[in-house]
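Undergrad: Start from the sequences and build out the full structure, keeping to the hints where you can.
Position 25 (the sequence shown) corresponds to 25 in UniProt numbering; numbering is contiguous.
Quick caveat, the hints were computed from the structure, so don't treat them as lab data. Any given hint could be a false lead.
Simulated DEER-style distance windows between Cβ atoms [to be verified]:
no., residue 1, residue 2, range
1, 179, 105, 34 to 40 Å
2, 147, 105, 37 to 43 Å
3, 1, 45, 47 to 53 Å
4, 58, 149, 21 to 27 Å
Below 20 Å or equal to it, Euclidean Cα-Cα: the simulated SDA-like pairs (lysine to any residue) are [to be verified]:
no., residue 1, residue 2
5, 183, 152
6, 104, 56
7, 183, 117
8, 104, 15
9, 192, 148
10, 192, 73
11, 104, 82
12, 104, 114
Fair warning: this is a prediction, and the values are worked out from it, not measured in the lab. Note that beta-carbon positions come from the ideal geometry of N, C-alpha and C, so glycine has one too.
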Amino acid sequence: MTTRVVIADDQALVRTGFRMILTARGIEVVGEAADGLEAVDAVRRLHPDVVLMDIRMPTMDGLEATRRILATPTDCRVLILTTFDLDSYVYAALAAGASGFLLKDVTPEHLAAAVRLVTTGDALLSPSITRRLVERFATPEPALHRDLSNLTPRELEVLTLMGQGRSNAEIATALTLSEATVKTHVARIFAKLNLRDRSQAVVLAYETGLITPGDH
1 MTTRVVIADD QALVRTGFRM ILTARGIEVV GEAADGLEAV DAVRRLHPDV
51 VLMDIRMPTM DGLEATRRIL ATPTDCRVLI LTTFDLDSYV YAALAAGASG
101 FLLKDVTPEH LAAAVRLVTT GDALLSPSIT RRLVERFATP EPALHRDLSN
151 LTPRELEVLT LMGQGRSNAE IATALTLSEA TVKTHVARIF AKLNLRDRSQ
201 AVVLAYETGL ITPGDH
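TA: Structural data, given as structure tokens:
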């Protein structure tokens, strides 16, 4: 099945360049948007698999557009486009549910691979990169975020280790579990906390105060 993409960027040349790159690699660009409002409308009309979302756009920025798109049940994934690799807006977009970010000087091969990756349900960012963002920008405010009381003690352990950027294999070693068992715990955590991917899990672990910057 062909991956369907909407490109949201206020620069027409950027949109055209990304369209050419993706189309040449068998990815269908079904729409373009010059601002956040147009992006939200395009997602509602076109039901794409992925939105490539610039942050700094007129009328409505990409952060608010991401929040609106992901505030309702959808299979659409958002990839943030940015010129900065440690931008507070990128962190806020991850907290809102974006599946990762790409620098605008991304290579054509990486761009296409990233779009395909997030359609599988994976996050583009490695947990360690997400942790760098979180440690720089997160402010623990447990009262404002999801309650963790419905997690079992083991699930809390797994979430804590995910928050530290550990892979499933590393978590399995640390807790003396099989990797298959860890995957089961991760799936249950995602379901209970309504998380999209590991990047959101890292953000949540910090913002609930489960772990704090410097915990490893």
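Undergrad: All hints are to be evaluated individually against the structure, with a verdict given for each.
TA: Taking the hints in turn, this is what the structure says about them:
1. 179 <-> 105: 34 to 40 Å: Given a distance of about 35 Å, which is inside 34 to 40 Å, the answer is holds.
2. 147 <-> 105: 37 to 43 Å: Between residue 147 and residue 105, where Cβ atoms are some 41 Å apart, the hint holds.
3. 1 <-> 45: 47 to 53 Å: violated (20 Å)
4. 58 <-> 149: 21 to 27 Å: violated (42 Å)
5. 183 <-> 152: holds (15 Å)
6. 104 <-> 56: Holds - the C-alpha atoms of residue 56 and residue 104 are around 13 Å apart, at most 20 Å.
7. 183 <-> 117: Answer holds: residue 183 to residue 117 is near 18 Å, not above 20 Å.
8. 104 <-> 15: holds (11 Å)
9. 192 <-> 148: Satisfied, since the Cα-Cα distance of roughly 9 Å is no more than 20 Å.
10. 192 <-> 73: holds (15 Å)
11. 104 <-> 82: holds (6 Å)
12. 104 <-> 114: holds (13 Å)
The earlier numbered hints that this structure contradicts are 3 and 4.
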